[in-house]
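Student: Could you build the full structure based on these sequences and the hints that come with them?
Protein chains: 2
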Amino acid sequence: MSKYETTLLQTVDMRGTVSVQELSRILGVSDQTIRRVSRPLVDRGALQKVHGALVSTKSAPDLPYLARMNLNREAKVAIAEEVVKIIKDGDSIAIDTGSTSGFVAQALRSLRELTVVTNSAYVASTLAMIPGNNVSMAGTQLRDHDGASFDRSAFDVIDRMQVDYVLLSASLVDARNGFLVHEQCEVDIASAMLANAGRAIMAVDHSKFEPQVRKPVLRQPTLKPGDYLVTDRVPPDEFSTLFANLEVRVA
Amino acid sequence: MSKYETTLLQTVDMRGTVSVQELSRILGVSDQTIRRVSRPLVDRGALQKVHGALVSTKSAPDLPYLARMNLNREAKVAIAEEVVKIIKDGDSIAIDTGSTSGFVAQALRSLRELTVVTNSAYVASTLAMIPGNNVSMAGTQLRDHDGASFDRSAFDVIDRMQVDYVLLSASLVDARNGFLVHEQCEVDIASAMLANAGRAIMAVDHSKFEPQVRKPVLRQPTLKPGDYLVTDRVPPDEFSTLFANLEVRVA
DNA sequence: CGCGAATTCAACAAAAATCAACAATACTAT
DNA sequence: ATAGTATTGTTGATTTTTGTTGAATTCGCG
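Protein chains in written order, with the UniProt record's numbering: chain A, 1 to 251; chain B, 1 to 251.
Simulated from the structure, these hints should not be mistaken for lab results. Some clues are possibly wrong.
A pair counts as met if it fits within one copy or between any two copies, since identical chains are not told apart.
Unchecked claim - Simulated pairs of lysine-lysine, DSSO-like, Cα-Cα distance not exceeding 30 Å:
hint, residue 1, residue 2
1, Lys49, Lys215
2, Lys3, Lys88
3, Lys224, Lys85
4, Lys3, Lys49
5, Lys3, Lys215
6, Lys88, Lys224
Tutor: Set out below in structure tokens:
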């Protein structure tokens, strides 16, 4: 029996199916080791093996995250990995709600001793399980489609913290108007997080550069020079002025 | 018997698996001593040894949340389904933390228009995603092994609500002393939920009727006549007086 | 069907952990 | 106080585990 067995089983059973590469990052070992320690597990039937990944034999707990999580999945995973390169063990970060945030939370499981504040119950529960992390859930009543909170107490919690980074997202990036979202409450939370954080990380996949069916109209707070913009494709030229002061990273 | 035994057992049982190096740092002795001291413990079956680390034997009560979720999985799934039969669409329920609660949350996804209050981020995020549900997360700072909160604000939230049911759990059922758990804060939350709820549902799988390695000593608040006890096997006779006034359901 | 990319496997070298024996230290009983 | 006993740290040989390399296999896609 290997010392990684329990963590490995935990992670796979929780997510249903997870790639060997990702497991190696989460456990901090090589992919070859993942294969080695997982072999006895699949022999004994505790796990199932497919090409490139391990899948749980238990009825895969169909974790909520709806259709949006699977929209542009590869893009969001890539962005999440790029975001994790910015963060180091021991850093503190505020994370807003949004589908990309969910992937970032998953990817952040490979770091240690993180201090996290978030208004998303999904992000909170994902990162709270990691031993050594210090996670605070901001807010009480949860919005039903994504499990995020925007009530008064959320702001109280956010305003109490001072963090190194804040992870933000947007529904649409407009060359003229910047980063747009649909709801005022999302802007409010973003502003509060931004006010209490060092550098901001704006994560938007390439689909956010194209026109949306339902056009968002509310502007996210403007970013500071030096804040990060992480995306999965080189943005079209028309955005160059908007991103002029930002550190742009393409996954 | 060595003076380190109890600390060693506690630490390993708490964390599920901990490396020899880390133990030597924690106890302030050499790694060789850890090996020496742990040998009789693994001989007597109180601990398990792997290369580089000690892991708690499987009946250990405080394994990380997701590891515990895979312990007696079938039993807990069955119990969860039985619990769901009690609840109807539109009901309100308070849910405490614990591995069984996680399964109940999964099973409750088949109901609609639920009002839920819980101090577990996992339960909260699981149920908040269902359209029509109204979920409140009680508490802010999350305990790292199971993502549950026990801070002041958790009680404020719970005390504001009046719900139809409360789902409780226990680490051990003792014929003389009733339902026992390890931590005072868990009792406090249970009491608060109980005070604001109609009928209680105590969910315990059969393993909770047998002696535990680390014996819990704190009594859960006593249940009212008519409260439910849901389990997966007919409890031994010695518990008949304890369960006399309860509605017992066996999955 | 065949090609390129990704994944897996086998084998070996490097690193880490274990064990046994011994030396140093603390503790006990007289 | 002192001899005897038990416990702990250290050292080096041995074993186990881990990362890396390169070959073989599988997968995806035209």
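Student: A separate judgement is required for each hint: does it hold in the structure or not?
Tutor: Each hint, compared with the structure:
1. Lys49 / Lys215: within (22 Å within a copy, 38 Å between copies)
2. Lys3 / Lys88: within (24 Å within a copy, 38 Å between copies)
3. Lys224 / Lys85: within (20 Å within a copy, 54 Å between copies)
4. Lys3 / Lys49: Both, since 20 Å and 9 Å are each at most 30 Å.
5. Lys3 / Lys215: The answer is both: 19 Å in one copy and 25 Å across copies each meet 30 Å.
6. Lys88 / Lys224: Intra 21 Å, inter 50 Å, cutoff 30 Å: intra-copy only.
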